[in-house]
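Colleague: Numbering that gives the first Met the number 0 puts the first residue of the sequence shown at 0, with every later residue one more than the last.
Simulated from the structure, these hints should not be mistaken for laboratory data. Computed from a predicted structure; not experimentally measured. No residue lacks a Cβ here, since even glycine has one placed at the ideal position from N, Cα and C. Keep in mind that the hints are not guaranteed to be accurate.
Stated by the list, open to error - Taking lysine to any residue pairs in the SDA-like style, the calculated list, with each CA pair at most 25 Å apart, reads: (1) 294 to 247; (2) 276 to 244; (3) 294 to 354; (4) 294 to 337; (5) 294 to 350; (6) 294 to 229; (7) 395 to 376; (8) 276 to 367; (9) 276 to 348; (10) 276 to 213; (11) 276 to 337; (12) 294 to 348; (13) 276 to 295; (14) 294 to 346.
Claimed, not checked - Between beta-carbon pairs, the in silico distance windows are: (15) 291 to 371: 19 to 29 Å; (16) 351 to 284: 20 to 30 Å; (17) 233 to 339: 13 to 23 Å; (18) 233 to 338: 23 to 33 Å; (19) 373 to 301: 17 to 27 Å; (20) 284 to 338: 22 to 32 Å; (21) 248 to 288: 12 to 22 Å.
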Amino acid sequence: MTSEPRAPAPGDELVRTDQRATNGGRVSDEGAGGDQRGSDGAITPVHTSLFESTPVRRRILPRLATPAAPMGLSVLLHAGLLCVGAFIVWTAASPTEESPPGTNPDFDAPEFIEGPTAELVIEGPARAPFSFEPAPSRPLSGEVKLRLDPTPPQPETENMPRLNGLASRPDALERDGLGRPVLERAAPTAAVDRILGDTTNLGEVVFVGLGASGARSVVYVIDGSGPMVTTLPLVIAEVERSVGRLRPTQSFSVVVFHRARSKAGEADDDGAEVFSKRLVRATPGAKQRLCDWLKAIEPGGQSNPLDGLRSALALRPQAVFLLSRGIERSGGGLWEQGMGRTLRELDRLNPAPHDGRRATIIKTVQFLDEDPTGIMQAIGEVHGGLASSRDGAGEKGYTVIRSERDLAATIPTPVVKPAPE
0 MTSEPRAPAP GDELVRTDQR ATNGGRVSDE GAGGDQRGSD GAITPVHTSL FESTPVRRRI
60 LPRLATPAAP MGLSVLLHAG LLCVGAFIVW TAASPTEESP PGTNPDFDAP EFIEGPTAEL
120 VIEGPARAPF SFEPAPSRPL SGEVKLRLDP TPPQPETENM PRLNGLASRP DALERDGLGR
180 PVLERAAPTA AVDRILGDTT NLGEVVFVGL GASGARSVVY VIDGSGPMVT TLPLVIAEVE
240 RSVGRLRPTQ SFSVVVFHRA RSKAGEADDD GAEVFSKRLV RATPGAKQRL CDWLKAIEPG
300 GQSNPLDGLR SALALRPQAV FLLSRGIERS GGGLWEQGMG RTLRELDRLN PAPHDGRRAT
360 IIKTVQFLDE DPTGIMQAIG EVHGGLASSR DGAGEKGYTV IRSERDLAAT IPTPVVKPAP
420 E
């Protein structure tokens, strides 16, 4: 059975097999068609079918000959995916429209009010709208007079509680220049009244007429020796009165110098007792504690005023009041070693800088007798008088209280008005 030749299909590769022979450098083709010579030399045409002599090989896709080809294809695929993702991200991040400019919130603008709004209606007398038209200018001539209401408004006092020793009726109250009621105190009798009572000349430290103006801190140095037995209650009463005049912004302390020990507060050394080893604010509570502390002071023994001054100056106050009786009667101590040595010791404790203004002003008060040694007078003159005055006014630095009458002359008498019927 002979097979009929098949027509080539598209995509078939036609391969012709050439059979060549080399004879002496001459190439002859056989089976490819052409002419063939016979034995008698005649040329006989030979027709050879290409499809019969040529095998057909079909190749649809080329072979993948190398193992790296799948890897390269994967790399190209992933690179394409990365490019697509980057393009999507860039498209989403780029602004599609111009951002609005920054704004400053205005709380009066309605767009800043969230939720339902309600109109606020204030009932009351209608007011004329503000007019921003400038008033016509008029030339100033003559005198410009300032009118003041001679009768300032009076505060309400109907519900004012009645206090012990104070008048609570409006017509019984004295008023100051601003029309405010001034509560008047009944005659002070107790020590607490002296502590909390006299509030005149606030801001100035005053003791029996001696003042230290502008001092923000003060220490009272009291002689507590035996000769002060009869005088000490009077001195303590005046210390309470002076402390009662201090403001809460001022500070104070008290030192009692004597060799004997008492039941009072902290002991600084063998020669002094201290109310507080630091300056305390002049609050009502601190003033009351001082009143209780002074009640425990027991005078006795000898005293050395320099012991008290050392303890006082160690607190670095701006003013010191030295309160003592006759030095010779108090026992003396270093005080008896002479004025020169005593003043040199005080200059060491309270030196004077180049401008002459010492850090602490020392005022001296002598009770009953004049100091025969002159040391109290010298201390008051050098450390508390003209030489040490902060304002150069030459304030008095020494005084003598000879009797209770002299002491009463330095105390302002409180005004007591009878309560109206």
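Colleague: If a hint holds in the structure, say so; if it does not, say that too.
Modeller: The hints, checked one at a time:
1. 294 to 247: At roughly 23 Å apart (the allowed maximum being 25 Å), residue 247 and residue 294 satisfy the hint.
2. 276 to 244: holds (22 Å)
3. 294 to 354: Violated, because 42 Å separates the two Cα atoms, which is more than 25 Å.
4. 294 to 337: violated (34 Å)
5. 294 to 350: Violated, because 34 Å separates the two Cα atoms, which is more than 25 Å.
6. 294 to 229: holds (15 Å)
7. 395 to 376: holds (10 Å)
8. 276 to 367: violated (30 Å)
9. 276 to 348: holds (17 Å)
10. 276 to 213: Judged against 25 Å, a Cα distance of about 23 Å means the pair holds.
11. 276 to 337: Between residue 276 and residue 337 the Cα gap is close to 29 Å, so the pair fails against 25 Å, i.e. violated.
12. 294 to 348: Roughly 30 Å separates the two Cα atoms, so the pair is violated.
13. 276 to 295: holds (17 Å)
14. 294 to 346: violated (33 Å)
15. 291 to 371: 19 to 29 Å: Between residue 291 and residue 371, where Cβ atoms are some 36 Å apart, the hint is violated.
16. 351 to 284: 20 to 30 Å: Violated, at about 37 Å.
17. 233 to 339: 13 to 23 Å: violated (32 Å)
18. 233 to 338: 23 to 33 Å: This hint holds: roughly 27 Å between Cβ atoms.
19. 373 to 301: 17 to 27 Å: holds (20 Å)
20. 284 to 338: 22 to 32 Å: Violated - the Cβ-Cβ distance for residue 284 and residue 338, about 41 Å, lies outside 22 to 32 Å.
21. 248 to 288: 12 to 22 Å: holds (18 Å)
Going through the hint list in order, the structure does not satisfy hints 3, 4, 5, 8, 11, 12, 14, 15, 16, 17 and 20.
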